[in-house]
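> The lines below spell out each chain.
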Amino acid sequence: MRRLSGGSFTCLLEQWTLNRAFDELFETHLAYVVRSLRRLGVSEADVDDVAQEVFVRVHANLTSKEPIASTRAWLFGFARGVASNYRQLARHRNETHDPDAMDLWTTGSSPETKLATLETRTRVLHALQVLDEAKREVLIMADIDGFAGPEIAAVLSIPLNTVYSRLRLARLEFARALKRNEGGGA
Amino acid sequence: MTQDTNVPELDEETRAALAIEKEVPAISPHRRQKIRAGLALAVGLRHAPSGATSFAPAIGARWAVRAALIVCGLAAGFVLGRLTLPDPAEPSQRFDRPSGSPSVSTAPRDAVSNGSASSDQVSARDSKAALPVSPAAVGSTDGRTQRTEELLRHTNKADAGPSEGRKTDRKGESPTAGVDHASLAAERELLDVVRAAVLRRNGSGALDALTSYRRDFASGLLREDADALEVQGLVLAGRYEEARQKGAVFGHRYPHSLMLGAVTRSLHSIPATE
Chain A
7 MRRLSGGSFT CLLEQWTLNR AFDELFETHL AYVVRSLRRL GVSEADVDDV AQEVFVRVHA
67 NLTSKEPIAS TRAWLFGFAR GVASNYRQLA RHRNETHDPD AMDLWTTGSS PETKLATLET
127 RTRVLHALQV LDEAKREVLI MADIDGFAGP EIAAVLSIPL NTVYSRLRLA RLEFARALKR
187 NEGGGA
Chain B
10 MTQDTNVPEL DEETRAALAI EKEVPAISPH RRQKIRAGLA LAVGLRHAPS GATSFAPAIG
70 ARWAVRAALI VCGLAAGFVL GRLTLPDPAE PSQRFDRPSG SPSVSTAPRD AVSNGSASSD
130 QVSARDSKAA LPVSPAAVGS TDGRTQRTEE LLRHTNKADA GPSEGRKTDR KGESPTAGVD
190 HASLAAEREL LDVVRAAVLR RNGSGALDAL TSYRRDFASG LLREDADALE VQGLVLAGRY
250 EEARQKGAVF GHRYPHSLML GAVTRSLHSI PATE
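The listed protein sequences correspond, in order, to chains A and B.
The opening residue of the first sequence carries number 7 in my numbering; numbering runs sequentially from there.
The opening residue of the second sequence carries number 10 in my numbering; numbering runs sequentially from there.
Careful, some of the hints might be misleading.
If you want the footprint, here are the derived chain B segments under chain A, 3+ residues with CB under 8 Å [to be verified]:
(1) 15 to 27
(2) 31 to 41
(3) 44 to 50
(4) 204 to 217
From the structure, some residues in chain B lie toward chain A, with a derived Cβ separation under 10 Å [as the list claims (entries may be wrong)]:
(5) Glu198
(6) Leu199
(7) Leu200
(8) Asp201
(9) Thr220
(10) Ser221
(11) Arg274
Hints are computed from structural coordinates only; laboratory data are not their basis.
Glycine residues also receive a C-beta, built at the ideal position from the N, C-alpha and C atoms.
Model the full assembly from the supplied sequences, consistent with the hints where possible.
As structure tokens, this is what we get:
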């Protein structure tokens, strides 16, 4: 049997460790990435493919995770980049927001509660699409994901004051859009 | 983060809506598996088989499976060989009858050796020569002939086709054998959401939930229910033309459906002006 040299064994071990880390990342954060992509305007029909692309990038950058960001914030950075490329494609620019086909199967509540949740989520997604890209990203990170200002500034590579000014405008616009959607359903 | 940065606080209603959005819905296993499969191809990792949860190369498990396959192959080959090939020790048992053992009819062989056997007798003898002689015939009770008889019995049973044995095996089977009950329950659960939306006369809600159903269960067992609910949802959402088309397809596809009445009633509720 061919014996592995010390170098190749170390390499194999490193690869194995990286794959394990990636595996854990995928299992733990897939749902978050998929949801973030939906919030960032990726259509339901394409979200699985775009999520796959996000994880391809994550895999390529597994060793370069910035120590400042939490794992979710780090993943959000990839998701926003891929979602931005997705939206820039001509065929996606004027796409209307499709109905939200979220996974309802694990929620242990009654059908009525699930339906109410679905309606609220759809309204939120619709309202988010009213905002421009920059404001939307800040609002998602601050008010949905609960990241702190400095963390948002680091992930988006913008000054902290810009984070706050964008958030202020984003909140006003989002609240208005949500009220407009109210009563109109999805 | 907003206290000392002049960022306005969100009102109660907006905060409540965002709180619901904060909870990240789980991803169904089959969807997760689909993304994983694509990803495994894209990044050159070995795709874990269905249900497996690891991208990491399970070297130990892989070798164990290979070893088990080799052992199974060898065992199967051995059994098959013993079944199909004549035992080299048997001719002496068949034809070189030990002295004192009970008599075995060797008439055809003797007849051939005497040149007096008919062709039928020879062919009958030849076909039987391939099979071992039963212990009753040779009167031998040694282990080998007993084993051969057992194997023969077993082979005959297997050759007998759908025999009583198989029938009794099937008696114990549930009529829903082969149905994935967890998946069926999940299907039903999703359709309950659609049904609730239809009952609340929320057409768009029903269609949204149906989108979720169709994505998760493209070839689900409850497609008939889903199709019926879709027609109802379309009518409620005011998409009358689509509803009529889908209704016609439904009637054609499921002419004896229990839900045909509900579908027809729903189509009849479309305003005459439309």
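> Work down the list of hints and note, for each, if the structure agrees.
To see whether the hints hold, each was checked on the structure:
no.: 1; hint: 15 to 27; verdict: holds (count 9)
no.: 2; hint: 31 to 41; verdict: holds (count 8)
no.: 3; hint: 44 to 50; verdict: holds (count 4)
no.: 4; hint: 204 to 217; verdict: holds (count 9)
no.: 5; hint: Glu198; verdict: holds (6 Å)
no.: 6; hint: Leu199; verdict: holds (6 Å)
no.: 7; hint: Leu200; verdict: holds (9 Å)
no.: 8; hint: Asp201; verdict: holds (4 Å)
no.: 9; hint: Thr220; verdict: holds (4 Å)
no.: 10; hint: Ser221; verdict: holds (4 Å)
no.: 11; hint: Arg274; verdict: violated (21 Å)
Violated hints amount to a single one, hint 11; each of the other numbered hints is respected by the structure.
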